[in-house]
Structure formats: C-alpha cells, structure tokens
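A.B. asks: These are the residues of each chain, in order.
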Amino acid sequence: GAGVSQSPSNKVTEKGKDVELRCDPISGHTALYWYRQSLGQGLEFLIYFQGNSAPDKSGLPSDRFSAERTGGSVSTLTIQRTQQEDSAVYLCASSPSDRNTEAFFGQGTRLTVV
Amino acid sequence: AQSVTQLGSHVSVSEGALVLLRCNYSSSVPPYLFWYVQYPNQGLQLLLKYTSAATLVKGINGFEAEFKKSETSFHLTKPSAHMSDAAEYFCAVSDQLSGGYNKLIFGAGTRLAVHP
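Chains A and B supply the protein sequences, listed in that same order. Position one of the first sequence corresponds to residue 1 (the numbering used here), numbered consecutively onward. Position one of the second sequence corresponds to residue 1001 (the numbering used here), numbered consecutively onward.
It is worth saying that the hints were derived from the structure and are not from the lab. Be a bit skeptical, because a hint or two may be false.
[Claimed, not checked] The calculated SDA-like cross-link candidates involving lysine to any residue, where the alpha carbons are at most 25 angstroms apart (straight line), are: (1) B/1049 to B/1059; (2) A/17 to A/101; (3) B/1049 to A/30; (4) B/1049 to A/29; (5) B/1069 to A/97; (6) A/57 to B/1059; (7) B/1069 to B/1041; (8) B/1049 to A/5; (9) A/11 to A/78; (10) A/57 to A/113; (11) A/57 to B/1084; (12) A/11 to B/1041; (13) A/57 to B/1068; (14) B/1049 to A/45; (15) B/1058 to A/97; (16) B/1049 to A/101; (17) A/57 to B/1096; (18) B/1058 to A/3; (19) A/15 to B/1041; (20) B/1049 to A/66; (21) B/1058 to A/96; (22) A/57 to A/5; (23) A/11 to B/1050; (24) B/1068 to B/1002; (25) B/1049 to A/17; (26) A/17 to A/51; (27) B/1069 to B/1030; (28) A/11 to A/110; (29) A/57 to A/85; (30) B/1058 to A/101; (31) A/57 to B/1102; (32) A/17 to A/55; (33) B/1049 to A/37; (34) B/1049 to A/26; (35) A/57 to A/41; (36) A/11 to A/101; (37) B/1049 to A/107; (38) B/1068 to B/1007; (39) B/1068 to B/1115; (40) B/1068 to A/101.
Could you build all of it, start to finish, from the sequences and the hints given here?
C.D. replies: Right, here's the structure in full:
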C-alpha cells in the first residue's frame, strides 16, 4: 500500500518475553520515527532514523529497548524481557526529511503485557 | 532545541461553538509547524501545516490556524464544532538537528470533547 504499515496491529505477550514490532515506511522516505503512546497520554518519542543510522536515540526508555533499520526501509523495534509498564500503542511514522514536510503515521501496534 | 507547549490537556465545547486549541513554540530558526488529529483507536492524521507562506493556514474539516511570530503561537480554530471533531489534537514543530537532520517535536496533546 501507499501508507505506513505496522505489524502486528495487536500483540499480547507474557511478562518477560521479547517482542518485535515492525514498521514499513512509505517508499522513498528517509526519515523514520518511533513513538509510544500510553493509555490517555501524549506521544513519547523513542528513536529517530535518517536512512539506516539513528542520530537520535534519546527517547529509548531503557536498554531493554532497541531498534534497527535496514536498507533504509523496514524498521523493527525490539523490546526484551517485557514489563507491564511497556503496555502501550507503538506508533511509527516516516517522512521525506525536508523540514517543511509532514510525517505520515501508521495505525500503530497495541502491545499488551500480561 | 525547539519545543512545543499545548495549553490545556482537555477542552470541552458545545456543538456549534468555537473551537480554540492553543499551541506555543520555541524555535531558534524559522519554524515549520504542524497540527495533527488522532481519532479514537487510529493513527495521527495531518490537519494542516505552516511552511512560511501565508500566515493563516486552512486545513481539512474546516480547521485553520494562524502563525503569529510575535506571540510564538500557532493556535488551531474552527468556527463551529461538530460532534465528529471529538479527538486528540497534537501540535508539532520541525526541529533541525546537527548534521542537517530534521525531527518532529510534538506537544503533549489536547483532548477535545464536544457535547450536544
């Protein structure tokens, strides 16, 4: 499709398990963002990619969180040893990177840790 | 670094009343500003953007925003609220990082409720 695609749309996992969230950005978009949105909360920035490099990882909440991007396209966000406080909607967005262009968001992955 | 402040985490209006959602920014360079809307259980959708052309920007669904440099503001308005406008609204500014990278900085969001 033409939009940002995230999978899975919903994920329920047991506490202590690892999870991988996937983001397929819009073709040609060099910038890619991951955000987290807890229930009723705003957007928490996690990490930003420009191509395959991540010039800003400042939002990753702990070393259990990591992300990579390969081929300047698909990105995966990995959460190791999940905790209940990791439950949230994880949103991915991509952009052509020009300052005057907006980011396009996926529908998000709703992660529930039980 | 640039930042965005949205005044009022919750705003409630009557159907047909004026909607005013406030956004103030700080920026060391000419800003590029955006308003997004998030309907329940959906991703974010662009409402409108300011990119240094006209200071009054019109967006989708009857929303508009005015860039006021002297007030460092970019408030979102709609003359007459509809029930369907109930959603979360986010203001964002495009930051410029060292190395020429750009990054969107979001405000905390304002939840708009519309009652009959």
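A.B. asks: Are the hints correct? Go through all of them and say.
C.D. replies: For each hint, the structure was consulted:
1. Proposed proximity of residue 1049 of chain B and residue 1059 of chain B is supported: the alpha carbons are some 8 angstroms apart, at most 25 angstroms.
2. Distance restraint check for residue 17 of chain A and residue 101 of chain A: the Cα-Cα separation of roughly 38 angstroms exceeds the 25 angstroms cut-off, and the hinted pair is therefore not satisfied.
3. Our distance criterion of 25 angstroms between C-alpha atoms is met by residue 1049 of chain B and residue 30 of chain A, whose separation comes to about 20 angstroms.
4. Using a Cα cut-off of 25 angstroms, the hinted pair residue 1049 of chain B and residue 29 of chain A holds, with the two alpha carbons roughly 19 angstroms apart.
5. Restraint check for residue 1069 of chain B and residue 97 of chain A: satisfied, since their Cα atoms lie roughly 24 angstroms apart, inside the 25 angstroms limit.
6. Pair hint residue 57 of chain A plus residue 1059 of chain B does not hold up; C-alpha atoms about 32 angstroms apart against a cutoff of 25 angstroms.
7. Proximity of residue 1069 of chain B to residue 1041 of chain B is assessed by CA-CA distance (about 34 angstroms); at most 25 angstroms being required, the pair is judged violated.
8. Under the criterion of a C-alpha separation no larger than 25 angstroms, the hint pairing residue 1049 of chain B with residue 5 of chain A is consistent with the structure, at around 23 angstroms.
9. Simply put, residue 11 of chain A and residue 78 of chain A have alpha-carbon atoms about 13 angstroms apart, close enough for the 25 angstroms limit, and the pair holds.
10. The hinted pair formed by residue 57 of chain A and residue 113 of chain A meets the criterion: a straight-line CA distance of about 23 angstroms does not exceed 25 angstroms.
11. For a cut-off of 25 angstroms, the pair hint linking residue 57 of chain A to residue 1084 of chain B is broken: about 36 angstroms separates their Cα positions.
12. About 15 angstroms separates the Cα atoms of residue 11 of chain A and residue 1041 of chain B, which keeps this hinted pair within 25 angstroms; it holds.
13. Between residue 57 of chain A and residue 1068 of chain B the CA atoms are separated by roughly 32 angstroms; this puts the pair beyond 25 angstroms, and the hint is violated.
14. Using a Cα cut-off of 25 angstroms, the hinted pair residue 1049 of chain B and residue 45 of chain A holds, with the two alpha carbons roughly 20 angstroms apart.
15. In summary, the hint linking residue 1058 of chain B to residue 97 of chain A is supported, as the alpha carbons are separated by about 23 angstroms, within the 25 angstroms threshold.
16. The hinted pair formed by residue 1049 of chain B and residue 101 of chain A meets the criterion: a straight-line CA distance of about 8 angstroms does not exceed 25 angstroms.
17. Of the pairs offered as hints, the one joining residue 57 of chain A and residue 1096 of chain B holds, with about 15 angstroms between alpha carbons and a cut-off of 25 angstroms not exceeded.
18. Annotation: proposed proximity of residue 1058 of chain B to residue 3 of chain A holds, straight-line Cα distance about 23 angstroms (limit 25 angstroms).
19. This hinted pair checks out: residue 15 of chain A and residue 1041 of chain B have alpha carbons roughly 24 angstroms apart, not beyond 25 angstroms.
20. For the hint pairing residue 1049 of chain B with residue 66 of chain A, the CA-to-CA distance comes to about 31 angstroms; that exceeds 25 angstroms, so the pair is violated.
21. The hinted pair formed by residue 1058 of chain B and residue 96 of chain A meets the criterion: a straight-line CA distance of about 22 angstroms does not exceed 25 angstroms.
22. With a CA separation close to 22 angstroms, the supplied pair residue 57 of chain A and residue 5 of chain A stays within the 25 angstroms bound.
23. At most 25 angstroms may separate the alpha-carbon atoms for a hinted pair to count; residue 11 of chain A and residue 1050 of chain B exceed this at roughly 36 angstroms.
24. Distance restraint check for residue 1068 of chain B and residue 1002 of chain B: the Cα-Cα separation of roughly 16 angstroms lies within the 25 angstroms cut-off, and the hinted pair is therefore satisfied.
25. Distance check on the hinted pair: residue 1049 of chain B and residue 17 of chain A sit about 41 angstroms apart at the alpha-carbon level, beyond 25 angstroms; violated.
26. Proximity of residue 17 of chain A to residue 51 of chain A is assessed by CA-CA distance (about 29 angstroms); at most 25 angstroms being required, the pair is judged violated.
27. Taken as a hint, the residue 1069 of chain B and residue 1030 of chain B pair is honoured in the structure, with Cα atoms around 9 angstroms apart against an allowance of 25 angstroms.
28. This hinted pair checks out: residue 11 of chain A and residue 110 of chain A have alpha carbons roughly 6 angstroms apart, not beyond 25 angstroms.
29. With a CA separation close to 20 angstroms, the supplied pair residue 57 of chain A and residue 85 of chain A stays within the 25 angstroms bound.
30. Restraint check: the Cα-Cα separation between residue 1058 of chain B and residue 101 of chain A comes to about 16 angstroms, which is no more than 25 angstroms; the hinted pair holds.
31. Of the pairs offered as hints, the one joining residue 57 of chain A and residue 1102 of chain B holds, with about 14 angstroms between alpha carbons and a cut-off of 25 angstroms not exceeded.
32. In summary, the hint linking residue 17 of chain A to residue 55 of chain A is not supported, as the alpha carbons are separated by about 28 angstroms, beyond the 25 angstroms threshold.
33. Our distance criterion of 25 angstroms between C-alpha atoms is met by residue 1049 of chain B and residue 37 of chain A, whose separation comes to about 22 angstroms.
34. As the CA atoms of residue 1049 of chain B and residue 26 of chain A are separated by approximately 20 angstroms, the hinted pair is consistent with the 25 angstroms bound.
35. Straight-line distance between C-alpha atoms of residue 57 of chain A and residue 41 of chain A comes to about 21 angstroms, which keeps the hinted pair within the 25 angstroms bound.
36. Taken as a hint, the residue 11 of chain A and residue 101 of chain A pair is broken in the structure, with Cα atoms around 31 angstroms apart against an allowance of 25 angstroms.
37. Proposed proximity of residue 1049 of chain B and residue 107 of chain A is supported: the alpha carbons are some 21 angstroms apart, at most 25 angstroms.
38. For a cut-off of 25 angstroms, the pair hint linking residue 1068 of chain B to residue 1007 of chain B stands: about 16 angstroms separates their Cα positions.
39. The hinted pair formed by residue 1068 of chain B and residue 1115 of chain B fails the criterion: a straight-line CA distance of about 30 angstroms is larger than 25 angstroms.
40. Distance check on the hinted pair: residue 1068 of chain B and residue 101 of chain A sit about 20 angstroms apart at the alpha-carbon level, within 25 angstroms; holds.
Checked against the numbered hints listed earlier, the structure breaks hints 2, 6, 7, 11, 13, 20, 23, 25, 26, 32, 36, 39; every other hint is satisfied.
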